[in-house]
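*Asks:* Protein chains in written order, with my numbering: chain A, 1 to 273; chain B, 1 to 387.
Worth flagging that the hints you see were computed from the coordinates, not collected in a lab.
In the SDA-like style, the derived pairs of lysine to any residue whose C-alpha atoms are separated by at most 25 Å in a straight line are:
(1) Lys-113/A x Ile-381/B
(2) Lys-374/B x Tyr-40/A
(3) Lys-196/B x Pro-124/B
(4) Lys-152/A x Arg-304/B
(5) Lys-113/A x Leu-378/B
(6) Lys-374/B x Thr-42/A
(7) Lys-113/A x Ile-34/A
(8) Lys-66/B x Asp-129/B
(9) Lys-113/A x Asp-379/B
(10) Lys-113/A x Asp-307/B
(11) Lys-374/B x Ser-287/B
(12) Lys-113/A x Gln-311/B
(13) Lys-28/B x Leu-338/B
(14) Lys-113/A x Asn-306/B
(15) Lys-113/A x Arg-221/A
(16) Lys-374/B x Leu-101/A
(17) Lys-374/B x Gln-105/A
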Amino acid sequence: MKRFLLAQSWSITSLKRPVNERSHMNNGTLVRLIDVHKTYRTGEMEVPAVRGVSLEIKRGEFVALMGASGSGKSTLMNILGCLDRPTSGSYFLDNADVSGLDRDQLADIRNRKIGFVFQNFNLLPRTSARENAELPLVYSMQRLSHAQLRQKANRVLASVGLAGREDHPPSQLSGGQQQRVAIARALINEPEMLLADEPTGNLDSRTSVEIMAIFQQLNERGITIIMVTHEQDIAAYAKRNVIMRDGVILQDRAVSLQTEATTQLQQSSALTI
Amino acid sequence: MRSVLTALGIIIGVGAVIAMVGIGNGAKAQVEAQIASLGENVILIFSGSTTSSGIRTGWGGAGTLKIEDADAIRREVPGVVGVSEEVVSTTQVAAGNQNWFTRIFGESADYFDIRQWPLADGAPFTPQDVRSANKVCVIGRTTATQIYGNESPIGQILRIKNVPFTITGVLTPKGLSPQGVDQDDIVVMPYTSAMKRVIGGTTLRNINVQIGDPAQISAAQQQIISLLRQRHNIRPGRDDDFTVRTQQEIAEAATATSRVMTVLLGAIAGVSLLVGGIGIMNIMLVSVTERTREIGVRMAVGARGNDILTQFLIEAVTLSSVGGVIGIICGIGASALLSTYAHWPTLISISSIAIAFLFSAAVGVFFGFYPARKAAALDPIEALRYE
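Isolated chain A, as found in the complex:
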């Protein structure tokens, strides 16, 4: 009972949280979790991973979901990404309840509304950057011609700075470039939100800043980003930090001093010159 109250109180704080100035331009609630629980069953044992999370994310937000391993942030991420369904509670995505949908319906939601960026990039090997980026369109409801696919993929690859590298397979790209291909793949279907799971976990610090610069630019353009990370300095590029522990939200706060990745890059290149 006490735990329940605790969860409730956090949800209230998250609702009360002052709206960030930038998210005004595309207002409205995109994600609303209401008392979400997720329990894994291993044999006789029931392992609770998420124990009553209520959370609201508006369009245009850039949220970093933080927490130590085992805090339930990955499970919450899977639920937000419609890869998993909550054991109880409701999940409204774009004002539609998605907590009761079946596998195929969830696949459709993922295809249309969510773009994924993973820690280990998860690109298809021996497949060109363009074909990797095209992948979500292959499973899209709208049937595009080969030329349209190509054109769209080229455009989105150019937008992440990979013009001229469309035909390279992942093995010929650096880690940062591979992650850009993954971002291009996530963006190609013009999703409502971008879900990034430790997007800089496999990258060196400079490349991490470059990726964060791309995220911030995308966010400027109004794309909602939810990013799981355990690094404090990466979380500082976001506008809002949600910290989890033991399956509940411990803290939910706006970032007072957002790190500007672009300025940082300019400064560092100025220094090297």
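Mind docking chain B on chain A? Use the hints.
*Replies:* What follows is chain B alone, placed relative to chain A:
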């Protein structure tokens, strides 16, 4: 490389099916051609077996068929276009300083039409020759070469049991019979001459009847049976003293053997196709495991279970179909080699190619389905986390 090895199972399987069925069909076609060489729409009436003092004589032994029986068939059975009374013997024949042991066939002038056996050279004997029991004969290619070598035997005298016969023609070569007898080792003469001057006796071994319309064959068969029963005074309930066989029945008996062979060869080849299919299943299961992460990514970006299922099924079917096409080419090649070097007759039909191809595709679907379903049932989270 691994796909090639997997497809090899299907290649060998399909190739074996094509080659084996080709050999079986070739053998069957050969037998059918030989049966057809008996003549078309032919009914054979054999003199039956009789029992005398408990000893049964076997077919042709009883001498129950008379020349008058043949005349009656000629007169009374509708649809008959040719009748040949037949007596058969084997004897020594001689010309000049050469001699040869051969078969003597006494026939009517219709014989060459009934057996569809034209002459290569010269002319057949005539109905007049038959009526007058003239000492004329027609010989087969083997007999001609054995006695006259490269010389033309037309107009030559052939002594058969010291009776001089004039050779009027040489038959076209017919090759071996289904029983392996050289059909060209033969002397054909009017049955009257054979009965009077060579063999003796008054009964026929068999009567060959040709029917004009194939649809009338079974009716004619029944009419011949009842006609002969009546002529031979056989009371109802007693066995016939003759046997009536249609060419169809003989053909069926002969092709049954080769059909069994075809089925057997096909079954063996089918087993190798099955083994190939299991190979495909194996490789697909390995592939699903290896590509678990890829499946996870595809699911994350919106692939439904059915999309994944279709993808893996298409891969399995592609693998087996490509193997099937190569197998068909290999099978045709193997059949060609066999008929060139082993002189086995092979016959590859379009239908056997089509069936082999469809079957290989079906093997892909059947053995690819389980791995594909396994892939489609993966949990996207587990699949993404898979190392």
